Structure formats: C-alpha cells, structure tokens
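There are 2 protein chains.
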Amino acid sequence: MSLTTVKEALEIVVNNSQNFGIEKVDFLNSCGRILKENIFADRDFPPFDRVSMDGIAISSEAFNNGQRKFNIEGIQAAGSAQLTLQNTSNCMEAMTGAVLPKNTDAVIQYELLTIENGTATINLDALKSFQNIHLKGTDKKQGDLLIKENTLISPAEIGVFATVGKSTVKVAKQPKVIIVSTGNELVEVGEIPADHQIRRSNVFTMVSLLEKLHIKADTLHILDDREVLLTKIESLLNNYDVLVFSGAVSKGKFDFIPEVLNELGVEKLFHEVKQRPGKPFWFGRKVYTERSRSETTIFALPGNPVSTFVNCIKYFNPWYCKSVGLNFENKQQAILSEDFYFKPELTYFLQVKLSQVEGKLMATPISGKGSGDLANLVEADAFLELPDNRSNFTKGEVFPVIIYRQ
Amino acid sequence: MSLTTVKEALEIVVNNSQNFGIEKVDFLNSCGRILKENIFADRDFPPFDRVSMDGIAISSEAFNNGQRKFNIEGIQAAGSAQLTLQNTSNCMEAMTGAVLPKNTDAVIQYELLTIENGTATINLDALKSFQNIHLKGTDKKQGDLLIKENTLISPAEIGVFATVGKSTVKVAKQPKVIIVSTGNELVEVGEIPADHQIRRSNVFTMVSLLEKLHIKADTLHILDDREVLLTKIESLLNNYDVLVFSGAVSKGKFDFIPEVLNELGVEKLFHEVKQRPGKPFWFGRKVYTERSRSETTIFALPGNPVSTFVNCIKYFNPWYCKSVGLNFENKQQAILSEDFYFKPELTYFLQVKLSQVEGKLMATPISGKGSGDLANLVEADAFLELPDNRSNFTKGEVFPVIIYRQ
Chain A
2 MSLTTVKEAL
12 EIVVNNSQNF
22 GIEKVDFLNS
32 CGRILKENIF
42 ADRDFPPFDR
52 VSMDGIAISS
62 EAFNNGQRKF
72 NIEGIQAAGS
82 AQLTLQNTSN
92 CMEAMTGAVL
102 PKNTDAVIQY
112 ELLTIENGTA
122 TINLDALKSF
132 QNIHLKGTDK
142 KQGDLLIKEN
152 TLISPAEIGV
162 FATVGKSTVK
172 VAKQPKVIIV
182 STGNELVEVG
192 EIPADHQIRR
202 SNVFTMVSLL
212 EKLHIKADTL
222 HILDDREVLL
232 TKIESLLNNY
242 DVLVFSGAVS
252 KGKFDFIPEV
262 LNELGVEKLF
272 HEVKQRPGKP
282 FWFGRKVYTE
292 RSRSETTIFA
302 LPGNPVSTFV
312 NCIKYFNPWY
322 CKSVGLNFEN
332 KQQAILSEDF
342 YFKPELTYFL
352 QVKLSQVEGK
362 LMATPISGKG
372 SGDLANLVEA
382 DAFLELPDNR
392 SNFTKGEVFP
402 VIIYRQ
Chain B
2 MSLTTVKEAL
12 EIVVNNSQNF
22 GIEKVDFLNS
32 CGRILKENIF
42 ADRDFPPFDR
52 VSMDGIAISS
62 EAFNNGQRKF
72 NIEGIQAAGS
82 AQLTLQNTSN
92 CMEAMTGAVL
102 PKNTDAVIQY
112 ELLTIENGTA
122 TINLDALKSF
132 QNIHLKGTDK
142 KQGDLLIKEN
152 TLISPAEIGV
162 FATVGKSTVK
172 VAKQPKVIIV
182 STGNELVEVG
192 EIPADHQIRR
202 SNVFTMVSLL
212 EKLHIKADTL
222 HILDDREVLL
232 TKIESLLNNY
242 DVLVFSGAVS
252 KGKFDFIPEV
262 LNELGVEKLF
272 HEVKQRPGKP
282 FWFGRKVYTE
292 RSRSETTIFA
302 LPGNPVSTFV
312 NCIKYFNPWY
322 CKSVGLNFEN
332 KQQAILSEDF
342 YFKPELTYFL
352 QVKLSQVEGK
362 LMATPISGKG
372 SGDLANLVEA
382 DAFLELPDNR
392 SNFTKGEVFP
402 VIIYRQ
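Protein chains in written order, with the numbering used here: chain A, 2 to 407; chain B, 2 to 407.
Honestly, the hints are just simulated from the structure, not real lab data. Quantities reported herein were computed from a predicted structural model and do not represent experimental measurements. Among the hints, a few may not be true.
Remember, identical chains collapse to one label, so a pair may be satisfied in a single copy or spanning two.
Calculated cross-link-like contacts (lysine-lysine; reagent style DSS-like; alpha-carbon spacing at most 27 Å) [what the hints assert, rightly or not]:
#, residue 1, residue 2
1, K361, K103
2, K103, K254
3, K332, K361
4, K217, K25
5, K361, K280
6, K177, K254
7, K174, K129
8, K137, K254
9, K70, K323
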C-alpha cells in the first residue's frame, strides 16, 4: 500500500475545510481575527485641508508679491471649526492637525519664522505649492476600499477601524475545538508519575498553539478503553466542530481511535502520511444531514510530542486558515546551513534553529535523538521540510520551512 | 542644535529600562511571557527504557541464536508497570510508550511479524542494537537544564513545563501602562465627527500593539488644557510604570506635554529624533525616592498615526524586552527590491511590503503621501530603516527591518 504523501495529505485536509459562520465583535477585541466585511472610507482622508506643521497660515499670493512680514490675526487650533483670515496680508497661527483657515493656502513652520509684537517675519525665499498642507482627500476618498474582507486583523487595521468609526466589525466565528488525550500512561501535570507513567503534555502544547490562532480549545482525557471511547467520542462529535486527538492512532493493541471513529460513522480521509515524525496521522470527517451542526472534522494525531506539534502546525493551521477564508499559503523558505543526510523515503520535518544573515534566512539542524524528544523543540525555532525523494541535502539548498517561534 | 540620532535615542531608551518584578502564574497562562526561573528535568527522559514501536519485545540473544518463532507470553501496555518475560525464548507484545519488559532488549514492529495461534514469526535478518527502544535518559538526564531563565515562553515551552510537572511558573511581571491621547480635534470611535474633527485611533492601535506583548494597557483622553493636563498627569505618574502619550509634543501653541512633564519633575532624556516619521518624540523618566513605585517612564509620541506606530515598535518594544530581561536585539534585515530616494538627513522608516524569495526577504516600498497616512499601514508589513547619511538607496542593498505583520 502506498502511503499518502505530505502534499496529498495537505490537499485533502485543506479541501475539507469548514465554515463556522460570522459574528460581530467590538473592534478592539478583533485583533488576530479574520475580517468578514470590506471596510470603506466614511469620508475623505484627510477630511479637510489639514495643517501638517505648527506655524502660520498665509495667502501665497501675498508672499509671492514679496511680502515677508505678516500681522497675526488669530490662532487656528486643532479641533476648532475653520476660521477665516479676514485680511489676506495678515496671517493666522495654525497648529498641526487643524483645519487650514479660509483664505490661506500655505503654512510656514515656526522654524522659519521670527515672531515679535504680534508680527511674524518669514525667513524663506520661495514657497512650495500648498506648503505644509495635507490636502483633503489626498490619502483616500470617501467610499474608497481601505481593508478587504478576509484580512487577518493586526494593530494597523484596528487603527483604521477606529478612524472610520467601525466600533464593531464582522469577523469569522472561531471553531469549537476539543483536544483529547488518550493513553493510560498519562497523569496530570500536578501529579508525581510512577516509574512507568509520564505527565500529560501534548494537549497543553496544542492549547497554546491554538491560542496563537485566537482559538480557545477545551481539553479532555480518556483512558484506553474501547467502550468509554465510543460513548465519549459520540458525545463530542455532537458538540464540537473539531476533535483533535493525541495518541492511540498507530498499530498498538489499545490504539482504538481509528476503529471507534469508524464505528461512529466518521469517514476516514487518510491514515498514515509519508513523513517523519508524525506518520500515523489519521484524518477524517463526519457529515450530518439532520443536525444544526453540519459537520465535524477529526485530526487524530500520533501521541509523541514532536509528532503532535509538527502535525498541528503543518495541517491544522492551513485547514483553519482555509476555513475562515484567510488566503494563506506558507511560502516561507530557509537555506540549509550544513549538509544533512536522511535515508528513509519519507518527508522529513527537520528541527532547525533559524538565523538571519543579510536578509537571508539560514536553518541549522538541531540534532535530535528521536521524534519524541520534546526538549529539542525548545532549542529549535522551526521545521525544515525535506522532500521524500532523496537522502542527501546539501548546504545552501533552499527548502520550505514552518516557523513556530518568531 | 544637533538632533539625537536614532541610534542614540534607542540606546537611551534601552538604558532606561525598568524592573517590574516577578510573579507566579499557572503554566497554561504563561505563553508569551518571559520565564524567570531555570527549568530542570525532574527525572530522566525518557524516564524508563521506552518501547517506540508497537510489536513484540524479545531477547536479542535468542534472535541472534537463530530463533525466529516466539510464543507470546503476554502484553506490556503503555501505562502498566513493568512486566517480566519469564522465558527468554518467548516474547511479550509491547506497545508504543510502554516500559520495556524485563529480560528483553529489542522490539520488532508488527510490520515485520506474522502472528498465528499465539506465535509470532519474525521476517527479519538482523537486529539493530536496542531496536525500537528509546533508552532511559537518552534525551535528558535528571537535573539537566531544559529551559533557561529569560526565555520567551512559546507552546514548545508549555509542553516542557507540563512534562516536568511545573504547574506554576515564575514570569516577569508586566508593566502597568496607560496610553493617553490629547488633542481637542478628537472624538470617540462611535461618534460622528464634525468637519474639523477626527476620531481617536492611535490609542487603540497602541493598545493592540501592546497586546501582542501580552500587556493590557489602560487608556485615557485629556483635552489640550494645561491645568487639566497637570492635574491628571500628576496622578498618572503616581499610578503607572509607563505613560505613553500620543500628540502634543511638537512646537504648537497647545503642545503642553513637554512643559507639563518638566513642571512635574520628569527628567527629559531627549526630545526630537533625527528620523521621519516620528521626529518630535519626547522621552523621559521620573525617579522617586520615597514611594513604592520607584520610577515611571514616559514615551511622549507624536500624534500622527504612522509616527506613533513606528515609534511604539522601534522604541517601546526593545525597552520592554530589556525591562523584562529578554535578550532581544532586532537583527532582521531585508533586501530593497527597487531604487529609492529620500533627501532629508534623517533616518527614514520606509513602509514596505515584504515577500520571501528562496529564503531571501525582499522589501518593496509602498508609496505614501505623508507620514500621517494610516491607510498605508494596512498595505505594508514592515518599516525598512534607511540610514540618515545619504539619499540614494539602491535595489539589492540590505537594511534593518522592523516587521509588524507576520
């Protein structure tokens, strides 16, 4: 039987994205979410001819006729309604952010002025056209599209929402996710494990990985008992958009997850991917006809920590992006900094430390002693994705990279 | 008067970092925080000779003597105490994650077995030493340092905390920050501005930028009134580690912030930096002798949106990193993708769109019509930092880059 390749697996995962709908949130809580409406300019920007330096506003005609001394008629402050310069051989002090006073068309900054007894003398030979004025509508016109639907919201977008008065915005709803550990060898973090036991850790790593996507996942532990798994998973299928399992998907006597999912009517889309680590990955979907929840997607990941980790960011993240409409394709690549050898005909996710040299992203392998070595994850920053069709990888070659630490 | 250069300004800012102390938090809430203790292995990893494939555990001596058929004595499951193989010409089924049974030293995966009537036949010519066994302590020894103090905690670290039973961890306390807008031209996001008014936006952009550092900042708006500013800022100095102002730091008639801060005993460390945008940046500090709060740092940023934005990430972020002990130096660089000209002798923070080509980070300028054009921020990803000592920047040259969108 030929295994599913990494490319095929990713395609199947992404082609089985879900739609979680749309919700409105306060704009200030929208950072990290996916925008689900277009944002337009509600007025011109700037909305008026805006003074862009502190100084005096004058009529350029007077200046160009040779006048250099101007009596100050008043002050145009930011936040005040537009004043009118009554006599165009006078000037008006004008502050950054203020409306340009009527009958003026140039602003001379204080640095070029001498002000004495209410008269400003300009130390300047020639004016630029509309000097120090940011003209109405220069940046954007009312009705212009400022931010497109399906944008990942960052602080820059938050500022634009505020500027155009979008106090609430439409964003993609988040999936309801539960992360389930299995395995009788696991004890809680606060417990002292017996010699043959270890602590639960994968679910927490995954909770944190999903937090980066602003998804708040639930967690659960189920013992390796076929009947208990059947009952509990049936209930989870009814209540969640996504089930993520860690463990019990390989060939062991107590690896009940695949058969239990099958018995519960979940369609297997693939099991086992031509990769290391993370090969026993099982992926499936249940589609309902008569329910409010139309489908549930199942990521059943192998239980060792690095397998879980790499599969979560390699598959879950793109699936999520596609589901919420984010046009995401990981095009990041890095340059291998030393020769590397890996024999099996599997895509190898090599743990690497990244560094940047003159704009080039270099990837240095971290030597691991097994895919289960979580401690290596804290020494590395990323996985370099080495293709499955050869064994020798040469210093200087460029490969796709999945970065998990910025 | 020679202006403070960007390099000098950054040095002054970073040399005036604060110490906010240490607190304990639940490990699952520590992602994005700075670790303030070393994390050690509480036991060997793996903690026992661990089976790493599902199959049968045998004595290699029997195999090496030519034996290929082994009667199955029992099953060693993950999570069960170690069993003993009673007869070394028998085998024990053994599951991934289980303790290796006593009297065995090799595991043969199911893929290489034929099992019939309780007897496993091995289809294999030669064993590797400790085949499919992850030996106790191979990854880490009890007492090994796993994570160093002052690490930025990511999902990989969360997994390690869980593994070694650190249900609470010591992290750097966050500063108490308030972001204050000034300017009579500002109205709230939910309001319709009059012709001469605009909506408040900078404070919200900054709240979001600080959220990325896991800092929850308060916000306030104060009108451009000298007496009101005096009273309110005095109270803020007593209650916050950091005050961030947006606006009122330039040469305008109502730019009261510098003089008010001076009157309140805040030491000015610099005012105006040789850069565009963001030149009128004012930075200072108040040190107390008889208070519980020992000092307050003041970032008074110019009020236009892009100035505020660039100064926040160029100066506040490194100041924060230094304060919490994170060994952070922005060494990221990008390659200019087209010629660029900028005449003034100022460091220019050029808004750029980033793309990655074969591991190289390319920066393409976004043409802006003024530093106040917030809408450009949503089209760009980063600022390329062009030095102040020349005007011509050539395609292919490498410059430092500050990335604000991942």
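To see whether the hints hold, each was checked on the structure:
1. In this homomeric assembly, K361 and K103 never come within 27 Å of each other (Cα to Cα): the closest approach is 53 Å inside a single copy and 51 Å across copies.
2. In this assembly of identical chains, K103 and K254 lie within 27 Å of each other by CA distance solely across copies; the values are 20 Å between and 85 Å within a copy.
3. With identical chains, the CA atoms of K332 and K361 are at most 27 Å apart both within one copy (14 Å) and between copies (11 Å).
4. In the homo-oligomer, the alpha carbons of K217 and K25 lie at most 27 Å apart both inside one protomer (17 Å) and across protomers (22 Å), since each shortest distance falls under that limit.
5. Taking CA atoms no more than 27 Å apart as the test, K361 paired with K280 passes in neither setting, with 31 Å inside one copy and 31 Å between copies.
6. When the C-alpha separation of K177 and K254 is checked against a cutoff of 27 Å, the pair qualifies neither within a copy, at 31 Å, nor between copies, at 54 Å.
7. Neither within a single protomer nor between protomers do K174 and K129 lie at most 27 Å apart by alpha-carbon distance, with minima of 51 Å and 51 Å respectively.
8. Taking identical chains as interchangeable, the C-alpha atoms of K137 and K254 lie at most 27 Å apart only when they sit on different chains, with a minimum of 23 Å there against 73 Å within one chain.
9. In the homo-oligomer, the alpha carbons of K70 and K323 never lie at most 27 Å apart, since the shortest distance is 64 Å inside one protomer and 51 Å across protomers.
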